[in-house]
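Chains as they are written, first to last, in my numbering: chain E, 1 to 267; chain L, 1 to 309.
It is possible that some hints are incorrect.
Unchecked claim - Chain L regions said to be covered by chain E (calculated; three or more residues, Cβ under 8 angstroms): (1) 177-183; (2) 190-202; (3) 230-244.
Keep in mind the hints are simulated off the structure, nothing from the lab.
All C-beta atoms in this analysis are idealised placements derived from N, C-alpha and C, irrespective of residue type, glycine included.
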Amino acid sequence: MIELATHDGVKIDLPDIDSSPLAVRGLTVSYGQKPAVFSVDMTVQPGAMTAIIGPNGAGKSTLLKAALGIVKPLSGQVTVFGRPLDSQRSRIAYVPQRASVDWDFPTRVLDVVLMGLYRELGLLRRVRARHLARAMDCLARVGMHDFADRQIGQLSGGQQQRVFLARALAQDADLYLLDEPFAGVDAATEKAIITVLKSLKAAGKTVVVVHHDLATVTDYFDHVFLINTRPVAEGPVAEAFTADTLQATYGGRLATAQVDQLARVLG
Amino acid sequence: MSGSEFVPLSLTPLLIGILTAVACALPGNFLVLRRQALIGDAISHVVLPGIVVAFLLTGIIAAWPMMLGAAGAAVVAVVLIEAIRRLGRIEPGAAMGVVFTSMFAGGVLLLEQSDTSSVHLDVEHALYGNLESLIWLDATGWSSLFDPVALAGLPVELIRILIALAGVGGFIWLFWRPLKLSTFDEGFARTVGIRADLLGFALVIVAAVAAVAAFDAVGSIIVIAMFICPPAAARMMTNTLEGQIGWSVAFAVLSASLGYVLAGYGPLWLGAADAVSAAGMIATVSGMILALAARFGPCRARTGAPLNS
Chain E
1 MIELATHDGV
11 KIDLPDIDSS
21 PLAVRGLTVS
31 YGQKPAVFSV
41 DMTVQPGAMT
51 AIIGPNGAGK
61 STLLKAALGI
71 VKPLSGQVTV
81 FGRPLDSQRS
91 RIAYVPQRAS
101 VDWDFPTRVL
111 DVVLMGLYRE
121 LGLLRRVRAR
131 HLARAMDCLA
141 RVGMHDFADR
151 QIGQLSGGQQ
161 QRVFLARALA
171 QDADLYLLDE
181 PFAGVDAATE
191 KAIITVLKSL
201 KAAGKTVVVV
211 HHDLATVTDY
221 FDHVFLINTR
231 PVAEGPVAEA
241 FTADTLQATY
251 GGRLATAQVD
261 QLARVLG
Chain L
1 MSGSEFVPLS
11 LTPLLIGILT
21 AVACALPGNF
31 LVLRRQALIG
41 DAISHVVLPG
51 IVVAFLLTGI
61 IAAWPMMLGA
71 AGAAVVAVVL
81 IEAIRRLGRI
91 EPGAAMGVVF
101 TSMFAGGVLL
111 LEQSDTSSVH
121 LDVEHALYGN
131 LESLIWLDAT
141 GWSSLFDPVA
151 LAGLPVELIR
161 ILIALAGVGG
171 FIWLFWRPLK
181 LSTFDEGFAR
191 TVGIRADLLG
201 FALVIVAAVA
211 AVAAFDAVGS
221 IIVIAMFICP
231 PAAARMMTNT
241 LEGQIGWSVA
251 FAVLSASLGY
261 VLAGYGPLWL
271 GAADAVSAAG
281 MIATVSGMIL
291 ALAARFGPCR
301 ARTGAPLNS
């Protein structure tokens, strides 16, 4: 069902929070004077692939980080599978923006993937053959098993992104949150990533992606969440991803030509 | 040199130099990778006001009150740096610079205004320490290592730095995985339940403990050099964190022992009459090792993606 939020963020007919893998209520985050995310309600549909869409600086990444507890919100509630976030951390996998880490860090590809097993290994449990096998299997799923011993700085941007995805796969989660996984990657990587994400969906997992390429939204996703600091629209792609909602989200920032082109794509 | 000369006169300063270098280099690895290496500089400067305040409160020159004063000042400095960084939204280096220069200057003023002129508290001592004076007079030779009476006379600085090193080593061993994970990718570390903020604070406190224990024996020059030079040189020798830690320990030991020997005998070999400061020479050697690693190290090429691209 499509929901168009009014300007003060009030909505009617909120879906059931308890059945949602990720539900956000009244979330406001601010880094300074101006809020980055203001009064956001979001209810992620189970088993779906959802894109979070909006212009630069619209609070897409901040929304994701606040939902994960990485940044502290001013107000608002987050529930994961109907429960508090902290009790559900083992069911969440996260892929941060590639540019958020220093790739000169002295570590190998396999070590990064093993970081996905932290909740299992804890402080001192030994890394055993089965852990290594699982990490190698995750690397194989993104086509990077030949690079296990490489230093991470020696990889291309697309390869680095695939290593991050392999780490998330190692987390063996029910809810996958990815921040701009397609930003600045080659076509082969984009294809590899979308294949993995679709296989996750086929296995009943829920996938949420911060996405910036409007042209691929209808191909890749079933649900969208449009945001420009405040929530704009939420629902199945066919209903919520329209020329009107895009115009409302991007305002004057989307060139007329782009709107026309999208209108043609959207029919 | 025979054991009867070496053990009482050189063994303990050499050991203290080596242990100090290792105790500072270990946390230095993480500080360098987190771009917080300047914290060693900050801590070794704020130690001065801490010591002066401790003296003013107790009225005596004694090791424990001064260590506590120094540690207290280090904690105050770390909290101030964090507060300024967050409230002012500025980069950590700038916050450190503001805090440690102000606190150090305050310490100098305090020292001048108060009646401490009669006691031995001076800036020069704070910088260079006095490694050569930490001798073991109860020792008569190698056999003293097994003599309980002689062992009781070991310099207390040696015991202190041993305890500090055990603390530093234990902390890094126990928290190895969360330290590595949160140093590489803090956001991800938080999502798997690691309290990255607390861990970062604990790391700086551990570094402060090492710096304070080292400061008393060897002065701040070695402390600053050892936090940065061995880890930075080690990074250029290997591409794994485990390897970097190993190389940094090796470079720290090499700097301390080579520096100590060169300071004691180098000038004599060159025909000069007096030895030079061991602390200064140790720091110089570590800098030369860094220069060599930067020129010839196998892993010195930066290949990663630029930050905030």
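Tested hints:
{"no.": "1", "hint": "177-183", "result": "holds (count 5)"}
{"no.": "2", "hint": "190-202", "result": "holds (count 5)"}
{"no.": "3", "hint": "230-244", "result": "holds (count 7)"}
The structure is consistent with each of the numbered hints, conforming to all of them.
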